Amino acid sequence: MRISLSGLVQVVDHNQVMGQSFSFNPKNWERYLEVDVALAKLGYTEEQRASGFSLSRQAVIGMLQSHDLVHAAVLVLIWGYPRGVVGPGNQDTVRATLRAAQKIGDEMATATGDSKLDVVISKLLIPYVGISTLSKILYFAGLQTQEGRALIYDQMVMRALHYHRFDEYGDWPEYSGMASSHLRWMNANDLHRRTWQCMSIPWSTNERRPS
Numbered sequence: 001m002r003i004s005l006s007g008l009v010q011v012v013d014h015n016q017v018m019g020q021s022f023s024f025n026p027k028n029w030e031r032y033l034e035v036d037v038a039l040a041k042l043g044y045t046e047e048q049r050a051s052g053f054s055l056s057r058q059a060v061i062g063m064l065q066s067h068d069l070v071h072a073a074v075l076v077l078i079w080g081y082p083r084g085v086v087g088p089g090n091q092d093t094v095r096a097t098l099r100a101a102q103k104i105g106d107e108m109a110t111a112t113g114d115s116k117l118d119v120v121i122s123k124l125l126i127p128y129v130g131i132s133t134l135s136k137i138l139y140f141a142g143l144q145t146q147e148g149r150a151l152i153y154d155q156m157v158m159r160a161l162h163y164h165r166f167d168e169y170g171d172w173p174e175y176s177g178m179a180s181s182h183l184r185w186m187n188a189n190d191l192h193r194r195t196w197q198c199m200s201i202p203w204s205t206n207e208r209r210p211s
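Its first residue numbered 1, the sequence shown is counted upward by one per residue in full-length UniProt numbering.
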């Protein structure tokens, strides 16, 4: 049976979403010297980097919007992939993302509210950095385009859309076709954002509509 996402969003607590946290476990990141360097640049102490710390969604947003993406991108990886690997054990995504952080930051700096998200993403086709990782960076960095704020689109989102079959989105692929379904996701969000704002409903569980 289909359910309405607009109805679900109204009962989601914004503070709870922003407080969603993951732990930085140093052992999971020992293989990446560049992670320790980036964390030091962000002001994390030697004790925090050695013992670990809790990282909330709100903290990642704050750091990405107040620090150079070259260093702050590491927090997106820690938040998104707390085990230090992507999928069954892929390390390439972590290393490629850290190497590409400057390029991603430079492209974001040229994007405006009049930019289309798919155009921005088309300029960031970087080997081993897929939609899942890239959308997390754009979301946490607060990228605004014609479609509104960039949102996370990964397998967790796809599973939720597929399983719940929300009225607003209909049938959705569970795993495959992430790149091809991303444009559909963006366009659907843009449509429902406009509708929900007219109804005074916060269009995303990640962000309250300004009063």
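Possibly wrong hints are sitting among the right ones.
[Stated by the list, open to error] Calculated lysine-lysine pairs in the DSS-like style (CA-CA distance at most 27 Å, straight line):
| no. | residue 1 | residue 2 |
| --- | --- | --- |
| 1 | 103 | 123 |
| 2 | 103 | 41 |
| 3 | 103 | 116 |
| 4 | 41 | 27 |
Rather than coming from a laboratory, the hints here were simulated on the basis of the structure.
These figures come from a predicted structure and were not determined experimentally.
Right, here's what the structure says about each hint:
no.	hint	verdict
1	103 <-> 123	holds (10 Å)
2	103 <-> 41	holds (19 Å)
3	103 <-> 116	holds (18 Å)
4	41 <-> 27	holds (19 Å)
In summary, this structure violates none of the numbered hints.
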